[in-house]
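Dock chains B and C against the given chain A, drawing on the hints supplied.
Residue numbers (this note's numbering), protein chains in the order written: chain A, 1 to 294; chain B, 295 to 617; chain C, 618 to 964.
Among the chain A residues that face chain B by a calculated CB cut under 7 Å, a handful are:
| no. | residue |
| --- | --- |
| 1 | Leu60 |
| 2 | Ala64 |
| 3 | Leu67 |
| 4 | Leu199 |
| 5 | Phe206 |
| 6 | Asn211 |
Hints are computed from structural coordinates only; laboratory data are not their basis.
Note that beta-carbon positions come from the ideal geometry of N, C-alpha and C, so glycine has one too.
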Amino acid sequence: MSRDVYVHRRTSGPRAAAGWDRRQVLMNNLRTVLGRAFPRLIGLTREPSWLLFEVGLPFLTTSAFVLVYRALQAPPEYIGFVVVGGAMTAFWLNVIWMMAAQLYWEKDQGNLELYFTAPMDMMAVLFGMAVGGMLASCLRAAVVLVVGSVVYGVHFSVDQWLPLLAVFVLTLAALYGLGMMLASLFVLWGREAFHLTQLLQEPMYFVSGLNFPVGRLGFLGALAVALLPLAVGLDAMRQLAFAGGTIAFATPSPAVEVLILVAMSVVFLGLARFCLRTMERLARHEGRLTARWR
Amino acid sequence: MTAADARGPVAPALGRGGGGFDRSRADRGGLATTWRAFATSARLGWQMEANWTDPLLFFIYSVAKPLASALILVLMVQIVSGGGTGAASARAFVVIGSALWAFVLAGVQGIAWSVLDDRERYRMLKYLYVSPSDFLIVLVGRGVARVGVGGMGAVITLMAGVLFLGVPFDAGRVDWAAAVVVMIGGLAATVALGILMAAICLQTRQESWSYPEAVAGSLFLLVGAVFPLAVLPLPVQGVSLALPLTWWMAGFRQAVFPATISSVGGSGSLFQALTGAAAPDTAMIVLALLVTTALVTLVAAVLFRRSEGRAKDRGLIDRTTGS
Amino acid sequence: MPDLPHATDATADHAIEARAVTRVYKARPAPVTALAGIDLEVAPGEFFGLLGPNGAGKTTLIKIFTTLLLPTTGTARVFGFDVAVQTKQIRRIMNMVAGGEQSGYGVLTVREQLWMFSQFYGLGVREGWSRVDELIEAVGLDAQRLQRISSLSTGERQKMNLARGLLNDPWILFLDEPTLGLDVSAARVVRRLVGDWRAAVPGRTVLLTTHYMAEADELCERIAIVDHGRILAIGSPAELKRMVQRESIFRLELDHLDGGPAVLAGLPGVVHASPAAGADAGAPVDRQTVAVNLVLIEDGALGGVVGALGGLGSHIVALAKSEPSLEDVFVELVGRGFDDVPGEPPR
Chain A
1 MSRDVYVHRR TSGPRAAAGW DRRQVLMNNL RTVLGRAFPR LIGLTREPSW
51 LLFEVGLPFL TTSAFVLVYR ALQAPPEYIG FVVVGGAMTA FWLNVIWMMA
101 AQLYWEKDQG NLELYFTAPM DMMAVLFGMA VGGMLASCLR AAVVLVVGSV
151 VYGVHFSVDQ WLPLLAVFVL TLAALYGLGM MLASLFVLWG REAFHLTQLL
201 QEPMYFVSGL NFPVGRLGFL GALAVALLPL AVGLDAMRQL AFAGGTIAFA
251 TPSPAVEVLI LVAMSVVFLG LARFCLRTME RLARHEGRLT ARWR
Chain B
295 MTAADARGPV APALGRGGGG FDRSRADRGG LATTWRAFAT SARLGWQMEA
345 NWTDPLLFFI YSVAKPLASA LILVLMVQIV SGGGTGAASA RAFVVIGSAL
395 WAFVLAGVQG IAWSVLDDRE RYRMLKYLYV SPSDFLIVLV GRGVARVGVG
445 GMGAVITLMA GVLFLGVPFD AGRVDWAAAV VVMIGGLAAT VALGILMAAI
495 CLQTRQESWS YPEAVAGSLF LLVGAVFPLA VLPLPVQGVS LALPLTWWMA
545 GFRQAVFPAT ISSVGGSGSL FQALTGAAAP DTAMIVLALL VTTALVTLVA
595 AVLFRRSEGR AKDRGLIDRT TGS
Chain C
618 MPDLPHATDA TADHAIEARA VTRVYKARPA PVTALAGIDL EVAPGEFFGL
668 LGPNGAGKTT LIKIFTTLLL PTTGTARVFG FDVAVQTKQI RRIMNMVAGG
718 EQSGYGVLTV REQLWMFSQF YGLGVREGWS RVDELIEAVG LDAQRLQRIS
768 SLSTGERQKM NLARGLLNDP WILFLDEPTL GLDVSAARVV RRLVGDWRAA
818 VPGRTVLLTT HYMAEADELC ERIAIVDHGR ILAIGSPAEL KRMVQRESIF
868 RLELDHLDGG PAVLAGLPGV VHASPAAGAD AGAPVDRQTV AVNLVLIEDG
918 ALGGVVGALG GLGSHIVALA KSEPSLEDVF VELVGRGFDD VPGEPPR
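One chain only, chain A, in its complex shape (with noise of 0.2 Å):
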């Protein structure tokens, strides 16, 4: 074998090397981001039994939840709420599974520690995952919405589509921002971190009014809505999606929540980044980067 195949790069030596410029740098992360959303796009493909539990399982606690206010027999705007709610539902799960609690399992496969040792930015690698599970979140969502319209009946009456976009649109930069946040979190507590991510299930769940406007929860709902993205977002895009109805919402306008979600969208991205770093300092300093001493 040639010896020209273990020279690819031709650096000055070794303090040019670790010189990068600012163009170097972004395209550095730009490429991460798309190499780590890569593993989980082919897995799509290549592991198609997603399809059943990804989509399946989902609509089936959907049903739970409509046949509970049937049996009730609520207002039929409350089914919708509880299929919008279940359409949210798969992003929060791909925010605490697939991204917050997704260092924790890289660091118990070992790959955290070859991460920390490449030099491209957390933030990147994060990102990528959220990129990557976002398709499979969007089915999800888009087969409860659309299954859960059709079979059960809901009617959506949306007056303003853009608003509805930009609400989604920041809900999601919002949660992701959280989920970037409780990421840094994970490298640092590790296992037990893993028990928070149960946590944030069902009692989330309830905060959030996943499936009840999060207005009836009276105190501890304005405060979820000033406090966490699910729920702010989760509320306005039912105003937005229920346009004219009867149900009291007891809730700000959709107006004011989108400031809300600009507003947590900014503070939870900046405090990921602060996170991220004050976590890996402190990791470092703790040697909980490697699940494994040798």
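Coordinates of chains B and C only, in the frame set by chain A:
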């Protein structure tokens, strides 16, 4: 040189007292061995899952999660029905069903996940399998421990329901005998279903962790946990009536909380259409529970042995799928 | 053949530099000191080894250099970059390959897995694919390029890991027990690949940790023997062995020796001559040989011995030089073998 010298040294005598291999050790023990295997695996399961020494984990798994699930349903009832007596009855219905569901999740998902945990995370499955204990007994022991852990969450939810959420409980009206029989039958059915899921997971490669979740999710819709069966289409109700968990839920409500709505009967239910009665009585529930539980247990045991044999034949017991 | 780059950076005198590095882990019941004051310098282009038993602190030290761990006290630098604060710079010029690595995504093929990492290391999209294909061929994984990594054997996986380690043309490669768990031929291939890669560009540095003495002896130009978080000795393999045994020891097998080994004891350069065990005692008497252990001041004295034997009419049937191993060096320094437990009698 004598003939004995020519023969060379004689091998030590085998069998007891001969100082060599004791063949009787290879014979299967009796009931005592089975009980020991069951008790050891139950203790192992309890120590692994109970979390009672870790307050945070105990809070998450035995308090926060089950309570939050119940509260979601309670709030749904409250929003729609307000504060009337109908609401109180519906509230009790969903709280009891949600509490009992903790047993089901622990049993059905928990046993299957024990197999997957041992195969994928701890890499212990092959060692458990080649140990002298019967693998099925070991799994049953782990399953019972998991159900016990789930029971902690169930008890806490029921207590919270009675104390804070208006679930009516009158100790004087409880049919204790029926309650005990129903609980034994229901938990046996839960463990049997868990063994069935474990049998399936021994064979699966991809998405193994999702099969128990999918089955539990389907059961949630079918057994009258949080809504009466009358809401379901009639053919689906037929499937529900064949499941032991349906009778377990109904029996527990009837025995312990007799003021709550029946999940099996009611207007529009298949049960009423078939029998003419508004709701089943205790004797009918217990009989249906015992028959369906026996059937499920038999099917689970047969399928598990078949799955075990197939897994051994295909070398699946010591593989790791990376799932 | 492209112009080969050289390490011309004048600001980095050392590829690796550690000054009074300690590392203490918080643990119950008491903190664990993994490194107890390490001072180390590795020159650019050197193949340096850290040799020691399990738990000596080798992996802890390599984790500090690869920016996975901070030292508790002391400083460490890689090509002049401080491991504590200049992590990005270090990560751009180094790579790491560890033994027993099971990382990766099982659903991806070898080619895809490597391409994914090429993106992390800053290669372009198309550049990454072509670079991956070159390295797959170089490490001998051509037949497995489209195979899912979950189905690779241990040796194949380690070749893939090595290819990953070479993707970004690192100036320094950290190898943490890279042949752990590999069979003899696979280990040999990995060592050869590392050697070829290093030889391609002057200035490329390798830091190897291992507890396989033969591997350290074969590959490393200098070795640091580590135990309980301290460096016990540093030097080339030959220098380290000379610490234990300054003389040259030979075992001769002769057809006969009139007068026995004592006749050799007085020859110039001979320190000691004694009968050796293991001559073919079972052979017919007329074919039995005489074995002699000979301790000489230096190798050069052997010529005089051979000449004297010729004068005595003895013919040499076999001649073997006996050298101490690196474990002998370790035993000399520490008082126990690699596998012996401290405080218990040696095996």
